[in-house]
Amino acid sequence: MIRSALIVLVATTLVPLRAVADPPTAHGPAVIDVTIASGDTLDSVLDRAGVPAGIRAEAALALAGVYDLTDLRPSHRVEWTAASGDPTSLTRLSLFVEDGVEIALTFNGQVTVERLHPPIREADRRETLVLDGTLYEALVARNAPERFAVDLTALLAGQVDFRRDLQGGETFALVWQEDQLPDGSIAGEPRLNYARLELADRVLELVATEAAGPVIVFEDGEAVQRSAAPILGARLSSVFGRRNHPVLGGVRMHTGIDYAAPVGTEVSATGAGRVVFAGTIRGYGLTIDIDHGGGVVTRYAHLSEIAEDVREGTRVKAGDSIGAVGATGLVSGPNLHYEVRVDGRPVDPTDRDALPEQEIASSEDLDALTTWRRETGFEALVVGDRG
Numbered sequence: 001m002i003r004s005a006l007i008v009l010v011a012t013t014l015v016p017l018r019a020v021a022d023p024p025t026a027h028g029p030a031v032i033d034v035t036i037a038s039g040d041t042l043d044s045v046l047d048r049a050g051v052p053a054g055i056r057a058e059a060a061l062a063l064a065g066v067y068d069l070t071d072l073r074p075s076h077r078v079e080w081t082a083a084s085g086d087p088t089s090l091t092r093l094s095l096f097v098e099d100g101v102e103i104a105l106t107f108n109g110q111v112t113v114e115r116l117h118p119p120i121r122e123a124d125r126r127e128t129l130v131l132d133g134t135l136y137e138a139l140v141a142r143n144a145p146e147r148f149a150v151d152l153t154a155l156l157a158g159q160v161d162f163r164r165d166l167q168g169g170e171t172f173a174l175v176w177q178e179d180q181l182p183d184g185s186i187a188g189e190p191r192l193n194y195a196r197l198e199l200a201d202r203v204l205e206l207v208a209t210e211a212a213g214p215v216i217v218f219e220d221g222e223a224v225q226r227s228a229a230p231i232l233g234a235r236l237s238s239v240f241g242r243r244n245h246p247v248l249g250g251v252r253m254h255t256g257i258d259y260a261a262p263v264g265t266e267v268s269a270t271g272a273g274r275v276v277f278a279g280t281i282r283g284y285g286l287t288i289d290i291d292h293g294g295g296v297v298t299r300y301a302h303l304s305e306i307a308e309d310v311r312e313g314t315r316v317k318a319g320d321s322i323g324a325v326g327a328t329g330l331v332s333g334p335n336l337h338y339e340v341r342v343d344g345r346p347v348d349p350t351d352r353d354a355l356p357e358q359e360i361a362s363s364e365d366l367d368a369l370t371t372w373r374r375e376t377g378f379e380a381l382v383v384g385d386r387g
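Under full-length UniProt numbering, the letters of the sequence shown match residues 1 to 387, in that order.
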């Protein structure tokens, strides 16, 4: 499926930290292409190339309406065209940023700016992995999204311990969707639809019923729970245990796990429960605590915002959106701090015994598995099938 607007990309060679005119003629326009490096800003790149301060300020002002220049990252590109190679006579300037998007400025008396999106094709992918090492290593070997190692560990944690239950040789089948750009690269985050893990004594299956929210987990064809990860598509940036504190320094106990993700990324409740706190805690910043019963409380910290309908006393289900990733409190960058407390004591969130009580899936959820298998050609994957 093709969606979004057509974009014409200028083919250039990526060059680190220096401007190159191509072609170097005395009278024709010169195209300069610079790859953003660590520490670079648009202003510093243009300043090094000799672009006057007035033009730099004019470009920044025009860009402010469509792009936040603080989002410019290493590997993004800046390309501009100057008449006769003169940096004081820019005719066009483009930023090539994430997901193939071009932010284009045209200098023709009045500066105009537009955001151009490339055509995107939604592609279905499936892979079958054999776990001879870690799940992460198996995903990388098959060019599958390595972030699934974090997502699947969280989503299936109620049924399998990835550190103790895997003996080697297990089969893991995955089906997901991804948005592909014309050059074959991937835009945005892939979306996991289905996973099937064949253990020696049972088969676990996971079906995502919607793009975001809870998934249904099956064991030997029987729906056993609805499960949710606190955040999908994020990098696990810090684990439970003692570590060097990134802000305060020194070795301190880290009472949860951190997921690095952009500000605004959706955060979900991992299990059914009642909100017992929604506000600010020193060090944690904007925080939500959910009581799941049995002495288990989950904490979601460093948020940028709390969902409008989430307040003390609110009942939530697994997968409900409760807030968004931020950088509040003592942090070195945007992330979600996810913490599990049992009887007031922080425990490792990746420990299966420390999970909040999960919603038990209903008998109707079996229809989701049957329908999904039929519509995607997975009818052969039935209980007892180990082939």
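Accuracy of the hints is not assured; some may be wrong.
[As the list claims (entries may be wrong)] Here are the computed distance ranges between Cβ atoms for each label pair:
#1 K317 <-> D47: 48 to 54 Å
#2 P52 <-> I281: 44 to 50 Å
#3 G39 <-> D343: 44 to 50 Å
#4 P182 <-> G294: 21 to 27 Å
[As the list claims (entries may be wrong)] For lysine to aspartate or glutamate, the following DMTMM-like pairs were computed, each having C-alpha atoms within a straight-line distance of at most 20 Å:
#5 K317 <-> E266
#6 K317 <-> D291
#7 K317 <-> E305
#8 K317 <-> D151
Hints in this document: simulated from the structure, not taken from any laboratory. Where a beta carbon is used, it is the ideal one built from N, C-alpha and C, also for glycine.
### Query
Are there hints from earlier that the structure breaks, and if so, what are their numbers?
Hint 4 alone not satisfied by this model.
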